[in-house]
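Residue numbers (the working numbering), protein chains in the order written: chain G, 1 to 291; chain B, 292 to 640.
Where hints are given, some of them may not hold.
Among the chain G residues that face chain B by a calculated CB cut under 10 angstroms, a handful are [said to hold, decoys possible]:
1) Y29
2) A87
3) R95
4) V105
5) I109
6) A116
7) I192
8) V230
9) V258
10) A267
11) I273
DSSO-like mimics (lysine-lysine), calculated; alpha carbons at most 27 angstroms apart, straight line [as the list claims (entries may be wrong)]:
12) K170(G) <-> K278(G)
13) K295(B) <-> K632(B)
14) K278(G) <-> K263(G)
15) K113(G) <-> K593(B)
16) K593(B) <-> K119(G)
17) K30(G) <-> K278(G)
Calculated directly from the structure, the hints in this document are not laboratory data. Please read these numbers as outputs of a predicted model, since none were measured by experiment. Just so it is clear, CB atoms sit at the ideal spot from N, CA and C, and this is done for glycine as well.
Here is how the chains run, residue by residue.
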Amino acid sequence: MIDFFQMVVSGIAVGSSYALMGLAMVMIYKTSEVVNFAQGEMALLSVFVTFLMLDQYRLPFHIAFPAALLFSVFLGAFLEFAVLRRATEANVLGRIIITIGMEMVLIGIVSWKFGADPKTMPFPISPYDSAEIGSVYISTLELLSLLIALSLMISLFLFLKFSRLGMAMKATQQNRTAARLMGIPTNRILMITWGISAFIGCVAGLLIAPVTMQPYMMWDPMLKGFAAAVMGGMTSLPGAIFGAYILGITENLFGGYVSIEFKSVVAFVIIVIVLCIKPSGLFARHYVKKV
Amino acid sequence: MDMKRDYYEDIQFFSSGVISFWFAVLILFLSLFPFCFKNYYVYMANYIAINVIVALGLNILVGYTGQISLGHGGFFAIGAYGTLLLMTKAQFPFWIALPCAALIAALFGFLLGLPALRLEGPYLSIATLGFGLTITQVIGRIELFGGRQGLHAPELSIGPWHLTSDRDFYYLLIPLTILLAMMARNLVTTKVGRAFIAIRDAEIAAETMGVNILFYKTLAFAVSAFYTGLAGGLYAFVLRYIEPEVFSLFMSIMFLLMVVVGGLGSIFGAVAGACLISWLDLELRNILGIPYVGVWLEALSKNYFSITGVSNIQFIIFGLIMIFIMLFEPLGLLGFWIRIKKYWKTWPF
Numbered sequence: 001m002i003d004f005f006q007m008v009v010s011g012i013a014v015g016s017s018y019a020l021m022g023l024a025m026v027m028i029y030k031t032s033e034v035v036n037f038a039q040g041e042m043a044l045l046s047v048f049v050t051f052l053m054l055d056q057y058r059l060p061f062h063i064a065f066p067a068a069l070l071f072s073v074f075l076g077a078f079l080e081f082a083v084l085r086r087a088t089e090a091n092v093l094g095r096i097i098i099t100i101g102m103e104m105v106l107i108g109i110v111s112w113k114f115g116a117d118p119k120t121m122p123f124p125i126s127p128y129d130s131a132e133i134g135s136v137y138i139s140t141l142e143l144l145s146l147l148i149a150l151s152l153m154i155s156l157f158l159f160l161k162f163s164r165l166g167m168a169m170k171a172t173q174q175n176r177t178a179a180r181l182m183g184i185p186t187n188r189i190l191m192i193t194w195g196i197s198a199f200i201g202c203v204a205g206l207l208i209a210p211v212t213m214q215p216y217m218m219w220d221p222m223l224k225g226f227a228a229a230v231m232g233g234m235t236s237l238p239g240a241i242f243g244a245y246i247l248g249i250t251e252n253l254f255g256g257y258v259s260i261e262f263k264s265v266v267a268f269v270i271i272v273i274v275l276c277i278k279p280s281g282l283f284a285r286h287y288v289k290k291v
Numbered sequence: 292m293d294m295k296r297d298y299y300e301d302i303q304f305f306s307s308g309v310i311s312f313w314f315a316v317l318i319l320f321l322s323l324f325p326f327c328f329k330n331y332y333v334y335m336a337n338y339i340a341i342n343v344i345v346a347l348g349l350n351i352l353v354g355y356t357g358q359i360s361l362g363h364g365g366f367f368a369i370g371a372y373g374t375l376l377l378m379t380k381a382q383f384p385f386w387i388a389l390p391c392a393a394l395i396a397a398l399f400g401f402l403l404g405l406p407a408l409r410l411e412g413p414y415l416s417i418a419t420l421g422f423g424l425t426i427t428q429v430i431g432r433i434e435l436f437g438g439r440q441g442l443h444a445p446e447l448s449i450g451p452w453h454l455t456s457d458r459d460f461y462y463l464l465i466p467l468t469i470l471l472a473m474m475a476r477n478l479v480t481t482k483v484g485r486a487f488i489a490i491r492d493a494e495i496a497a498e499t500m501g502v503n504i505l506f507y508k509t510l511a512f513a514v515s516a517f518y519t520g521l522a523g524g525l526y527a528f529v530l531r532y533i534e535p536e537v538f539s540l541f542m543s544i545m546f547l548l549m550v551v552v553g554g555l556g557s558i559f560g561a562v563a564g565a566c567l568i569s570w571l572d573l574e575l576r577n578i579l580g581i582p583y584v585g586v587w588l589e590a591l592s593k594n595y596f597s598i599t600g601v602s603n604i605q606f607i608i609f610g611l612i613m614i615f616i617m618l619f620e621p622l623g624l625l626g627f628w629i630r631i632k633k634y635w636k637t638w639p640f
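Chain G on its own, in the form it takes in the complex (with noise of 0.2 angstroms):
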């Protein structure tokens, strides 16, 4: 019973991470309908640089991960302004194809900078170091990666919900035209999403950092994140967050009681089985086209 709970606690501490990158995900798609698969290499690149200014121009820690929030929520905006917007003509298969290349281009910027090596990076919080609830063991890098997703995910909700360019963001949403009729700046209101899309998204890559940091760090988080996004429903975020963590968890409880080799594949297993029985996820509505 220990190891159960053990490994839900572990499932919930990997789940944060998809979740944030899940998030990020939705929070594109919902205003510009791109599926954003540069995503995962956006927060490669930030926190990339993070590891530049901590490493080899020794700036502080309250410098150096300020800055990089700064740098992504900037990346996401210059990606916005200069690509996807000149993009006006491509229908869903050539947005995927667009993001994918910026993927590329990103993935290959870091890799020729830092070479495929993987780096250590310095952190405040050992990896290592645990800590002891009831009879089960979390490492505080964990912990403190749950409780920066919780709070993250919080304020987000009441950012969206209560502050006028929340409100705006999500009348930009709903319908870009009648958002801009009624005064909304939509394009700056798409590159602010991006900006914000961008900032979650390095937080995730911040707090995975420490544990792996090589080029195709960001593979694996992206993908699932990704799948989570798809299992609840891409256009919500809450589903995103809850597909997170069931994604987390089952795939850790399949590693622990199944087996432990095919972990990984098991989030696309449960995407495809989720699809087949609900096209559109599980908390969207699933939209009929009509003639």
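Could you slot chain B onto chain G? The hints should help.
Relative to the frame of chain G, chain B by itself:
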């Protein structure tokens, strides 16, 4: 641009004598190619031919039926492993093992096509992507498939003909590629191809007109997977050694890139895109060896980037190609071709 006066004119292979002339020249060139060029170029031609087959298959799915697939690396792997295992474990001769493996891939394509009936856009992309990743993971972890070590290709012989060198294999591969290209060209002009196009353009309208969506969508997946599986089986003999890492997500992305660069929904586009991208892929592998640019890149890498990661420049280049093609010429090379043709036809206006 060209007026068609009856149905037979629409389905015939060569719409004019000029085209059949150039086709004959191409065939002649291809048949003399191994005698005129070094062995490396023959290997390169084989590599390109494999990619052409995949691009033809993927184009049937993406370009003609309008479905997204990020999992064709999986079908490719099924074809490659299937062929090798049928040959080594079940002692099948090559010419039976290859179609069998391709049929297995087609079966998987059919199975993947079933959920795809209800999925579209991002949902379909994650489902196919998951399929591709799952296949690679499963293959890498099962002992029968050679695990991480991979498999060696056995000696290849068809009847009395022993194919030992790249040159021998070239004469198997190129006729097969041309045959498959002709088959694809014929497929898309028949009832089946028109059904695919109808599904791409308006699924509901197609269904109303009596196109059986269930049948044709799964058929598109199966045919596409068949082509890809066939290419995979042949690829195993080009490399002579396969391991799970080869069939990564990057490979699926490259296949998609080929089709997109060439131009969606055209046989010419698929062939041209596959040729261009796989040639670039091979050339960029030793990027520092390229004249003029290589020296400059080396200096740049030493001063600002790292020399160990220099091969990653190819990712940047492919990524930029993807972005720019989509932004400026969504029809790809086909679009360029049409534009040039129009310009010269209407010149000087």
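Restraint check, 10 angstroms cut-off on beta carbons, for V258(G) near chain B: violated, 13 angstroms
Given hint R95(G) near chain B, where the shortest CB pair must fall under 10 angstroms: Where the cut-off is 10 angstroms and the nearest Cβ of chain B is about 8 angstroms from R95(G), the hint holds.
Pair hint K295(B) and K632(B), alpha-carbon separation not exceeding 27 angstroms: Holds - the C-alpha atoms of K632(B) and K295(B) are around 18 angstroms apart, at most 27 angstroms.
Interface hint outcome for V230(G) [beta carbon to chain B under 10 angstroms]: holds, 5 angstroms
Restraint status (C-alpha distance of K113(G) to K593(B) at most 27 angstroms): holds, 10 angstroms
Hint consistency between K278(G) and K263(G) [alpha-carbon to alpha-carbon, up to 27 angstroms]: holds, 23 angstroms
Satisfaction of the V105(G) interface hint, Cβ to chain B closer than 10 angstroms: holds, 4 angstroms
Given pair status - K278(G), K30(G), alpha carbons within 27 angstroms: Since the Cα atoms of K30(G) and K278(G) sit roughly 19 angstroms apart, the hinted pair holds (cutoff 27 angstroms).
Chain B contact restraint on A267(G) - CB to CB distance below 10 angstroms: OK, holds: A267(G) within 10 angstroms of chain B, min 8 angstroms.
Interface hint compliance - I273(G) to chain B, C-beta minimum distance less than 10 angstroms: For I273(G), the interface hint holds, since the closest Cβ of chain B sits about 9 angstroms away, which is under 10 angstroms.
Given pair status - K119(G), K593(B), alpha carbons within 27 angstroms: holds, 19 angstroms
Cut-off 10 angstroms, beta-carbon criterion: hint that I109(G) touches chain B: holds, 6 angstroms
Checked against the numbered hints above, the structure breaks hints 7 and 9 and satisfies the rest.
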